[in-house]
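Spelled out from the first residue to the last, the chains are:
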Amino acid sequence: MKMQNKHIKALAIVIYFVFIIGSFVIGFKSGKQIGHNFITFSVEMLKILPCAFILIGLFEVWVKKESVEKHLGKDSGMIGYIWVVLLAGTTVGGLYVAFPVAYSLFKKGAKLGVIFTYIGASAICRIPMTIFESSFMGIKFSLIRLLVSIPLVILSSVWLENYLETKNYKIMEGK
Amino acid sequence: MYYLYIVTGLTLLISFIGDRGKTSKAVKIAFKKLVKILPAFVTMLILVSIVLFFIPDKMISNYLGNNDKFIGVILASFFGSITLMPGFIAFPLCGILLKKGVSYMVLSAFTTTLMMVGILTYPIEKEYFGVKVTIVRNVIGFFIALIVALSIGFFFGELS
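If you read the protein sequences in the order shown, they are chains U and F. As numbered in the numbering used here, residues 274 to 448 make up the first sequence, in order. As numbered in the numbering used here, residues 310 to 469 make up the second sequence, in order.
A portion of the hints provided could be inaccurate.
Claimed, not checked - Below, a list of computed lysine-lysine pairs in the DSS-like style, where the Cα atoms sit at most 30 Å apart:
1) U/Lys320 / U/Lys282
2) F/Lys331 / U/Lys443
3) F/Lys342 / U/Lys343
FYI, nobody ran anything at the bench for these hints, they're computed from the structure.
Using the sequences and the hints given, assemble the complete structure.
If you want it as structure tokens, here you go:
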């Protein structure tokens, strides 16, 4: 069953690319537009992903498990959440960068609440993005947004950690 | 964007000076991890390219601009959840909408769901955290965005 799904998915991807290339060949406008969207977003991500993954790789070889455990693990308390919000502020890209980083943090011993906080916080309080936002929406807008959402992200992450622990949840890559 | 290249370059250089073996191991890990998740990224990019074709920026502006505030918030959070837009497109768009008279509350519902709720990033998120956690996290993000929108509405005096 799993194998079959994989084949269907691969086939769908092939059909997609045949459709896009075909659209460019015969000049089908809608297909070309979709192709343009694909290229624009791919370029945007290719600018970020290699750097993000190299930093993840360096993090994995250099940072000791004990130090992540100490600062972001089970006994880190409130400070762990503060550290991880600050770390999230420096994240680039968006959620798609936050997921692999969060996964590596977890592998190094960060607790679940901390990594969900990291994901949430890197969605809402990346520093360059927030500065850009406030230049269009005003500082008051950005401040209210951050002050309301960060506590909610932390609280919901703590809740999610407790909930998943009662369910014996395990994170597994590729599951 | 450039600071990412500078930081990555410098870190790589310092790491290389410190320990060549570790650095090449790190690059190998990076490459392996990237290749492993690449199919999920391609799936996401395909979904993004199709969804953005059917829901272009213009359509989003029309829907956000034309409604009762509360319907606006619901529509804004719907569009924010199902689309994906980099900040350098989303915020200028919101700036224009703001000048056209769209409320802060509606715009915050749009931008916050855009940031926190990722239906299009689902293929990637589920590879790392599983289907169930992905769904729960996104639902929580959606409600946080609604609370943020109401707070913005309150502080900007738009609720009445």
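Consistency of the hints with the structure:
1. As the CA atoms of U/Lys320 and U/Lys282 are separated by approximately 26 Å, the hinted pair is consistent with the 30 Å bound.
2. Between the alpha carbons of F/Lys331 and U/Lys443 the distance comes to roughly 29 Å, so the proposed pair stays at or under 30 Å and holds.
3. A hinted pair counts as satisfied when its Cα atoms are at most 30 Å apart, and F/Lys342 with U/Lys343 qualifies at roughly 26 Å.
Checked against the numbered hints listed earlier, the structure breaks none of them; every hint is satisfied.
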